[in-house]
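Each protein sequence line maps, in turn, to chains S and C. Sequential numbering of the first sequence, starting at 738, is according to my numbering. Sequential numbering of the second sequence, starting at 2, is according to my numbering.
Each hint can be trusted.
Computed list of lysine-lysine pairs in DSBU-like fashion (alpha-carbon distance at most 35 Å, straight line):
| # | chain 1 | residue 1 | chain 2 | residue 2 |
| --- | --- | --- | --- | --- |
| 1 | C | Lys-4 | S | Lys-815 |
| 2 | S | Lys-815 | C | Lys-107 |
| 3 | C | Lys-4 | C | Lys-71 |
Here are a few chain S residues that sit away from chain C, every Cβ distance over 10 Å (derived from the structure):
| # | residue |
| --- | --- |
| 4 | Glu-751 |
| 5 | Met-752 |
| 6 | Ser-764 |
| 7 | Asn-808 |
| 8 | Glu-820 |
It should be emphasised that the hints constitute simulated quantities derived from the structure, not laboratory data. All residues carry an ideal CB built from backbone N, CA and C; glycine is no exception.
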Amino acid sequence: DAGVIQSPRHEVTEMGQEVTLRCKPISGHNSLFWYRQTMMRGLELLIYFNNNVPIDDSGMPEDRFSAKMPNASFSTLKIQPSEPRDSAVYFCASSHNRGGSPLHFGNGTRLTVT
Amino acid sequence: AQKVTQAQTEISVVEKEDVTLDCVYETRDTTYYLFWYKQPPSGELVFLIRRNSFDEQNEISGRYSWNFQKSTSSFNFTITASQVVDSAVYFCALSPPRVATDSWGKLQFGAGTQVVVTP
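One chain only, chain S, in its complex shape (with noise of 0.2 Å):
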């Protein structure tokens, strides 16, 4: 069974770039949720869907960042302009809708902002 699909893996970018990162959910998964790990703040939710739906985006650290899903099989986060400071791994994650569904995460995409 494929796993949350996320593109790309890896990401370098010039500062005031447009970045958007990919997500394919596990099939059947109804909610989808955006994470962003750094050695400072280690995980962190950003936003998260329920069929399709932005549920809670608090997350979100300003206006420069923003997810949208169009669909159940694919969700996009973009950051526009990048900055150095957004240089993380952003994981995509997704699970059932129903309390304590465990959150299956993708392999991250590691991104670098210079």
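Assemble the complex: chain S is given as a structure, and chain C must be docked to it using the hints.
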């Protein structure tokens, strides 16, 4: 507010030794879920176990075992007879119950404990 504390930053052991990872949590919810995840050097996050707050039975899975004690708000993880492949960062996480659509799914992760197993 929810909080997960993993006080041990790094634990180094020699292969075949046992290692116990501590996890202490804080929550006002009467029901909740606890999780452990493993992050090997390759970087992915691997789900290991989920525990419902109503279920205080300890669990064993191969060389892994978990000790959940609601009275002390702890959910400790033991690796018995450690192996080099156990080297990873281990995260404890807490999730509220699905009572409101705006709170469920908000896994609160601890800072993680790095386990280093040397041959």
